[in-house]
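**Q** Turn these sequences into a full structure, and let the hints guide you.
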Amino acid sequence: MTVALNSIAAFEIAERIERNGAAFYRRAAEMFDAFRVSKILLDLAAWENKHEQVFARMRAQLPKRPAVPGAPGNEEALPEPQVMAGLAVFGIRSDPADDLYGNESEEDILRMALQKEKDSIVFYHGLKDFVGDKADKAQIDRIIKEEMRHVVTLDELLNEIK
Amino acid sequence: MGIPFNADEVFEMAEEIERNGGKFYRAAAKKFPALRKLLLNLADMEDQHEKTFAAMRAELSGEEMEPPVFDPDGEAQMYLRVMADGHVFNLRADPAEKLGGIETPQDLLKMAMCVERDSIAFYVGLKESVSAKAGKDKVEAIIKEEISHIAILNEKLEALKPQ
Chain A
0 MTVALNSIAA FEIAERIERN GAAFYRRAAE MFDAFRVSKI LLDLAAWENK
50 HEQVFARMRA QLPKRPAVPG APGNEEALPE PQVMAGLAVF GIRSDPADDL
100 YGNESEEDIL RMALQKEKDS IVFYHGLKDF VGDKADKAQI DRIIKEEMRH
150 VVTLDELLNE IK
Chain S
0 MGIPFNADEV FEMAEEIERN GGKFYRAAAK KFPALRKLLL NLADMEDQHE
50 KTFAAMRAEL SGEEMEPPVF DPDGEAQMYL RVMADGHVFN LRADPAEKLG
100 GIETPQDLLK MAMCVERDSI AFYVGLKESV SAKAGKDKVE AIIKEEISHI
150 AILNEKLEAL KPQ
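So the sequence lines, in the order shown, correspond to chains A and S.
Residues in the first sequence are numbered consecutively from 0, following numbering that gives the first Met the number 0.
Residues in the second sequence are numbered consecutively from 0, following numbering that gives the first Met the number 0.
For the record, the hints were derived by calculation from the structure and aren't laboratory data.
As the structure is a computational prediction, the values presented were derived from the model and not from experiment.
Do not take every clue at face value.
Among chain S residues calculated to face chain A with C-beta under 10 Å, some are [to be verified]:
hint, residue
1, 109
2, 127
3, 157
Quick look at which bits of chain A chain S covers, simulated, 3 or more residues with Cβ under 8 Å [stated by the list, open to error]:
hint, region
4, 114-128
5, 145-156
To list a few chain A residues with every Cβ distance to chain S over 12 Å, as calculated [stated by the list, open to error]:
hint, residue
6, 32
7, 33
8, 49
9, 52
10, 82
11, 85
Each residue gets a CB set at the ideal place from its N, CA and C atoms; glycine is no exception.
**A** Pasting the structure below:
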């Protein structure tokens, strides 16, 4: 069955996305011969850890009894539960670090990373609907932009190794 | 494909994404008759989005082209270029070819969700790069509809799971 998400659950998924992302990049960094590329991947991991902390702080500021999307009085304010449940599919994939067996090519790894970044961008765009405060929306927008920069960085690495 | 540094090219890419989406869903409807109605409905919605982007592009032509994009730091443009350069999207590939290795409705629905996700990832960058005048709200409305497509596909996928 689809899972109805409240705001706390949505932020927990965001944190998990970042945690998984950092684990993926650290594992990937071990698999590259070139020190420079490994260093970039470790930098990306550090970014994901920072994002996780930001989402955790935002979650801590949410009301203790989160509003449930679709509940009376919240229909306008929050996204439809089935809508975020759809996006959550991209957020709650298996731990991506477990998907790296050690025999993937460097190109495969970078392509997997690109998929992960797209998952993040799409989920966080939906996450913005869970926050009413403009400053919070702006904070999520900043994280989305940072994930966009990661896409550019990964693309540059892909071009380098080809 | 050249580097998309103006609104005309970016909106043209958006149209192509929607056109490819419509082709993908129509080809999928032929291959999976049990999902035909759902898939053709999604194809129709992609057609509608293509028309919206085409109308936005037409409005930007001529006098409106002067402020084509709002992207002071150029980062959204960089992102869009990367998204369109073939590593993320291959706009020249036949969308029906994607269905080659897809044998089950479940795998089709999962692939369709990824197609929708890729579109949204592009449009989030597009929204960042266009001004309010150029139709930021319209891009957001399309993003919301694409997100609703993911929800529809996910619900169908859940419904196909054994009870």
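**Q** State for each hint whether it applies.
**A** Against the structure, the hints come out as follows:
| no. | hint | result |
| --- | --- | --- |
| 1 | 109 | holds (9 Å) |
| 2 | 127 | holds (7 Å) |
| 3 | 157 | holds (5 Å) |
| 4 | 114-128 | holds (count 6) |
| 5 | 145-156 | holds (count 5) |
| 6 | 32 | holds (21 Å) |
| 7 | 33 | holds (19 Å) |
| 8 | 49 | holds (18 Å) |
| 9 | 52 | holds (23 Å) |
| 10 | 82 | violated (5 Å) |
| 11 | 85 | violated (4 Å) |
Violated hints, in rising order: 10, 11; the structure is consistent with all others.
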